[in-house]
Each structure stands twice: as C-alpha cells, then as structure tokens.
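Peer 1: If you read the protein sequences in the order shown, they are chains A and B.
According to our numbering, the stretch in the first sequence is residues 1 to 291, in order.
According to our numbering, the stretch in the second sequence is residues 1 to 291, in order.
It is possible that some hints are incorrect.
As the list claims (entries may be wrong) - Distance condition first, Cα-Cα at most 27 Å in a straight line; then the derived DSSO-like pairs of lysine-lysine:
1) B:33 x A:168
2) B:253 x B:182
3) A:168 x A:182
4) B:216 x B:137
5) A:216 x B:168
6) A:216 x B:187
7) A:216 x B:137
8) A:168 x A:13
9) B:187 x B:253
10) B:216 x A:182
11) A:137 x A:216
12) A:33 x A:187
13) B:168 x B:33
14) A:216 x B:182
15) B:182 x B:33
16) A:35 x A:13
17) B:216 x A:253
18) A:187 x A:216
19) B:216 x A:137
20) A:253 x A:35
21) B:35 x B:13
22) B:33 x B:13
23) A:253 x B:253
24) A:216 x B:253
25) A:182 x A:253
26) A:33 x A:13
27) A:13 x A:216
28) B:168 x B:13
29) A:187 x B:216
30) B:137 x B:33
31) B:35 x B:187
No lab work stands behind these hints: they were computed from the structure.
Please read all numbers here as calculations on a predicted model, not as lab measurements.
Listed here are the chains, written in short residue letters.
2 protein chains.
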Amino acid sequence: MTEPIIRNSSLFKTIGIVGVGLLGGSIAAAARKRKLAETILGAGRNPSRMRAAQHSGLLDRGTTNIAETSAQSDLVIVCTPVNHIAHFIRTVARNSRPGTIITDVGSTKQHICEELYGTLPEGVTFVASHPLAGSEKTGFEFSDPELFQNRSCVVTPVDSLPQEAVNKVIQFWEALGMSVLKTSPQKHDQILAETSHLPHVVSSALASTLAAENRKFTSTGFRDTTRIAAGDPSLWVDILLNNRESIVSSIDKYTQSLQSLRNAIDNNDENELRLLLQDGKRNHDALNSSQ
Amino acid sequence: MTEPIIRNSSLFKTIGIVGVGLLGGSIAAAARKRKLAETILGAGRNPSRMRAAQHSGLLDRGTTNIAETSAQSDLVIVCTPVNHIAHFIRTVARNSRPGTIITDVGSTKQHICEELYGTLPEGVTFVASHPLAGSEKTGFEFSDPELFQNRSCVVTPVDSLPQEAVNKVIQFWEALGMSVLKTSPQKHDQILAETSHLPHVVSSALASTLAAENRKFTSTGFRDTTRIAAGDPSLWVDILLNNRESIVSSIDKYTQSLQSLRNAIDNNDENELRLLLQDGKRNHDALNSSQ
Numbered sequence: 001m002t003e004p005i006i007r008n009s010s011l012f013k014t015i016g017i018v019g020v021g022l023l024g025g026s027i028a029a030a031a032r033k034r035k036l037a038e039t040i041l042g043a044g045r046n047p048s049r050m051r052a053a054q055h056s057g058l059l060d061r062g063t064t065n066i067a068e069t070s071a072q073s074d075l076v077i078v079c080t081p082v083n084h085i086a087h088f089i090r091t092v093a094r095n096s097r098p099g100t101i102i103t104d105v106g107s108t109k110q111h112i113c114e115e116l117y118g119t120l121p122e123g124v125t126f127v128a129s130h131p132l133a134g135s136e137k138t139g140f141e142f143s144d145p146e147l148f149q150n151r152s153c154v155v156t157p158v159d160s161l162p163q164e165a166v167n168k169v170i171q172f173w174e175a176l177g178m179s180v181l182k183t184s185p186q187k188h189d190q191i192l193a194e195t196s197h198l199p200h201v202v203s204s205a206l207a208s209t210l211a212a213e214n215r216k217f218t219s220t221g222f223r224d225t226t227r228i229a230a231g232d233p234s235l236w237v238d239i240l241l242n243n244r245e246s247i248v249s250s251i252d253k254y255t256q257s258l259q260s261l262r263n264a265i266d267n268n269d270e271n272e273l274r275l276l277l278q279d280g281k282r283n284h285d286a287l288n289s290s291q
Numbered sequence: 001m002t003e004p005i006i007r008n009s010s011l012f013k014t015i016g017i018v019g020v021g022l023l024g025g026s027i028a029a030a031a032r033k034r035k036l037a038e039t040i041l042g043a044g045r046n047p048s049r050m051r052a053a054q055h056s057g058l059l060d061r062g063t064t065n066i067a068e069t070s071a072q073s074d075l076v077i078v079c080t081p082v083n084h085i086a087h088f089i090r091t092v093a094r095n096s097r098p099g100t101i102i103t104d105v106g107s108t109k110q111h112i113c114e115e116l117y118g119t120l121p122e123g124v125t126f127v128a129s130h131p132l133a134g135s136e137k138t139g140f141e142f143s144d145p146e147l148f149q150n151r152s153c154v155v156t157p158v159d160s161l162p163q164e165a166v167n168k169v170i171q172f173w174e175a176l177g178m179s180v181l182k183t184s185p186q187k188h189d190q191i192l193a194e195t196s197h198l199p200h201v202v203s204s205a206l207a208s209t210l211a212a213e214n215r216k217f218t219s220t221g222f223r224d225t226t227r228i229a230a231g232d233p234s235l236w237v238d239i240l241l242n243n244r245e246s247i248v249s250s251i252d253k254y255t256q257s258l259q260s261l262r263n264a265i266d267n268n269d270e271n272e273l274r275l276l277l278q279d280g281k282r283n284h285d286a287l288n289s290s291q
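Here chain A stands alone, though its shape is the one from the complex:
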C-alpha cells in the first residue's frame, strides 16, 4: 500500500488518526493513495491491532500512545464512536503543538461543537466534520481508499474559528474526492436526523418485524430496505441518543406518511394511494437525478 510521496503536493506533513477502524483506516488509505501527507500515524486502544495496521502498510506507525501521535501531527482526525469524540479531542488538543488542526467524523455535531468550540488551548483549532460515507463492516481490514470518492462531507464551523484552519479541513476532504457542504452544528443534526438517523430506525424496525419462518420468502426488496439494520448497535445507540429530539420529530413525521398510506389501503382509496406512491417515487427519483 505504501507509495512514493511527492512532498510538494502534501496538504499536511503528518496526519494522525485516532481510532483506526473502518472509517479511520479508509481515511489513512485514501490520504496515502492521494499523497496528502508525508507520514500517517495512528493511535488506538489495542496494541496488537495497531501493530497489525502498521504492519499492513496502512499506517507509518501504529501506537496506543495518543499523546505521542498528537504531538507529531499537523492534522489529527478523531474517528472514535461519537460518544468518545469530545473526550479524545480534548486529549489530542492538550498534547498538540500550536498550529495543529483537529477534525472528526462524528455522525452528530451539536453536542460535540457546543462542548468544544471556544474551549480548546490557544493555537489548536477543532473544525467539526461528518463525511457521509461508511459501511456496515467494521475493522481497518475493510479500509477502502475510494470510500469517500464522490460523496458529500458536512463541515460545521462557527464564525469564531480561524478561517485558514476551516479552509484546510475543507481542502482535505475535497482532496479525498468529497464535495463539502457547510452548515451549523444544530442544522446538521436536524438534517441528518431525517437523511441518516431516521432511515436506520426505519430499517431496523422492518428487520425486527419479520417472522423467522417467513425469511425464505424475502427477496431483494426486503434485503435492500433492511441493509443498514446490520450496522453496529453500540455505535447507533450513541448516535441516536445524541440527537434525540430531532430524531423523534423525524420519526413522528415519517409515521404520518406511513399512516396516510395505511389508511388509503384500509379505505380502498385507489386515487389517494396512487398519489402517495407517486409522491414517494418522485422523491426517490429526484434523489438520483440530484446526485
């Protein structure tokens, strides 16, 4: 996996990744492939896993020493489960040199940003990010250097952040092949409740509804609609409880759409049912044409 580095094209001299799972590993692989850094460091809990990630060539050095990784990096990307992100960003910030930029990949942004913006040591800047890319798979072994290509990344800065740091974080995601969308942390969480957290709940509820004896009567439709229910329950507990109010409100809005369809079927109302299905199809088709 190690390729020759062209020094001049490097956005950062050294990138540090805290939490080297599928996402962190894919960032390492993508940054390596696109020559965005001279050196890629990784820090994680498990020494043998970190040695394996280094041995595979994904990292130039894998360690459990987050302080050392922080001290040597110009950009640190925290890729831990969402509940631990704020804690690790504080640890990174405490151990960083002035000028270090920190970002993350958390699926919720409001709590993290409220806790951290304006509170980190002078000279260290945290710019919150959420790349809209992932997989139900877990572990750096599934790292994919193309995971971010042609996907969107939401960056949620506030006006008080140094513009240069914000721009460098945006450039980094763009260099991985992403289109960057900027919004506020609050707005991010409201939007993602609808576009990401709600689908997970919908998909999980559908998987739970299926009686075991009916499994053999499923086809690709059921499988596609429940694919994301395979996501790690622990990660999703954290995400869903981090954005409760917006998600409950999205579920309620969705339940109304569902009840409209239910009632049209129950009332044998062909015209109403057709209008509702056409609306769903139109919204789905617009999704594909907007991509």
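Here the structure of chain A is known, so what remains is to put chain B in place on it, guided by the hints.
Peer 2: For chain B alone, coordinates are given in the frame of chain A:
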C-alpha cells in the same frame, strides 16, 4: 439471442407469454437460454412493441392476438399487472387446446385463485405462481435471462389440481434456476404482505418524508432504504389493494416496532434501545445466512 434448440431437453414444445414487459421478457430470455421450449410466443397490447420484441429475437413471434398465442402454446404464462391476470387467464383458457397448462407471476394469489380454481374449461389447468424476482425497471428491453437464478418462486396449488400439471410448473421454475416453495394462496398473501408489500410501503413513506432541500445530505443508507419506492405506482396500487387486510395488519405490527424504537430514544433508554437495535441486526443477519 436465438440459440440452437435441443429438442429432447424441452419441457414444453411451445411457451406463450401474455404481457411481455420486464418479467415476461425475462422469462422468455431465460427459457430461451436454458432451451426449455422449441418456440416462444408472446402476446401484448401494443403491435409495434410486440414487433420490436420479435425483431430483437426475444420472441419467435410477437402478436396482439392472444387467442392465437393461447391456441398454439403448451404452457402459457400470464405476466400482466395483477388486476388483469384473472381476466387474461380466462381468455387464454377459452382459446387453449386440452392439456394446456397456464401459470402467472402475480404478486398476490388469494383473489386470483379463488376466482379461477375449479372454474376453467375441462382439460386446461391453471397453477398459480409468484416468482420472487423483479426490478424497478420496466419494459422487455431490460429483460435479464439470469433474473430468476438462485431466487425463490412460490407456487400455490390446491389439492384438486392435477398433480402432473403442478409438477410441470414447478419443474419449469426450477429449470429457470429457482427454488420452489409451496403454500396456500391465503398463506402466500399473508406472508408476502410482510416480506414484500410492507417493505414497499415503508420505503415509499421514507422517500416521501425527505424534504427537497435535504436531498444533498443523503448517503447510500437513504438510497438503499428507498430503492424499491421507485417501483411503478400503478402496479403497486393494484398489489396493495389486492391484499388489503394482511398489509394493514403488517403495517400495524411494523408501527409497533417503530414506536418501541421511538420511545426508547425519547426516554433516553440506552439498554432498551440497544436491545431493539440488536434484535433488528440479528434478524437482518439471519436473512443473509439463511440464503
């Protein structure tokens, strides 16, 4: 597409397909590829479309004359929208020679079987089928000879049907690469309400919930979960209204699962939420391992 026919391996001398869209066309293509008939005829409403299907090599003859197609076929497969299936099976049966077997591909079975079993002319046998394969695409141009490979097909006979005809229909689907599941028409509709019709409603409601301005914040999760919402609304109106009672009952069961998740999130109940998400994941994972 025309390949040499090995006469001895033919299950039927002549197969007739009534309704040559994506499913009918794919049956023609699959039967041709597997040499299941010497001749494949098709009948449809639109003369120029039928000429085009013949010209493409999908059919040996494409016509609007359903009586002629029926009179010349040993097996007729009715692939029209579900609301027209019973009508066309009657038309086929009236025009068939004794010994002709008729089947269909309808997504609901109870109404069709109640209307037809025991009512067709002496010597003509209808055996109801539902191959669990399809696509959001429409039109014979998207015909796929591998559409049925490794998929399931539900056949819903009753005891009064001639066993030989039932066996020949089962052999036909098996020859297309399918595993055949036998159940009653009533049971089929109850099961498919859960495994196929419910996912369509769930997916359509989710697509409808998305605000237009949030489209660019969707990722593969939202797209996969709403893929089947792209299905033809007219076809789905017919399917959903043909199986109202079972579908409404499945939607209500699903709504309970959804509300459990909603309440666990709303109550910040981490343990309950974890259990519910684990249940969804377990059910999803069992689906893949049972395939």
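Peer 1: Determine for every hint whether it applies to the structure shown.
Peer 2: These are the hints, each one checked on the structure:
1. B:33 x A:168: Measuring from Cα to Cα gives roughly 57 Å; hence the hint is violated.
2. B:253 x B:182: Roughly 25 Å between the alpha carbons, so the hint for residue 253 (chain B) and residue 182 (chain B) holds.
3. A:168 x A:182: holds (14 Å)
4. B:216 x B:137: holds (24 Å)
5. A:216 x B:168: holds (22 Å)
6. A:216 x B:187: holds (14 Å)
7. A:216 x B:137: holds (24 Å)
8. A:168 x A:13: holds (13 Å)
9. B:187 x B:253: holds (17 Å)
10. B:216 x A:182: Holds, at roughly 12 Å.
11. A:137 x A:216: Cα-Cα ~24 Å, so holds.
12. A:33 x A:187: violated (33 Å)
13. B:168 x B:33: holds (19 Å)
14. A:216 x B:182: holds (12 Å)
15. B:182 x B:33: Satisfied, since the Cα-Cα distance of roughly 26 Å is no more than 27 Å.
16. A:35 x A:13: holds (10 Å)
17. B:216 x A:253: Cα-Cα ~19 Å, so holds.
18. A:187 x A:216: Measuring from Cα to Cα gives roughly 42 Å; hence the hint is violated.
19. B:216 x A:137: holds (24 Å)
20. A:253 x A:35: Between residue 253 (chain A) and residue 35 (chain A) the Cα gap is close to 44 Å, so the pair fails against 27 Å, i.e. violated.
21. B:35 x B:13: Judged against 27 Å, a Cα distance of about 10 Å means the pair holds.
22. B:33 x B:13: Cα-Cα ~15 Å, so holds.
23. A:253 x B:253: Status holds; Cα separation ~18 Å.
24. A:216 x B:253: holds (19 Å)
25. A:182 x A:253: holds (25 Å)
26. A:33 x A:13: holds (15 Å)
27. A:13 x A:216: Status violated; Cα separation ~53 Å.
28. B:168 x B:13: Holds - the C-alpha atoms of residue 13 (chain B) and residue 168 (chain B) are around 13 Å apart, at most 27 Å.
29. A:187 x B:216: It holds: about 14 Å lies between the C-alpha atoms, which stays within 27 Å.
30. B:137 x B:33: holds (21 Å)
31. B:35 x B:187: violated (33 Å)
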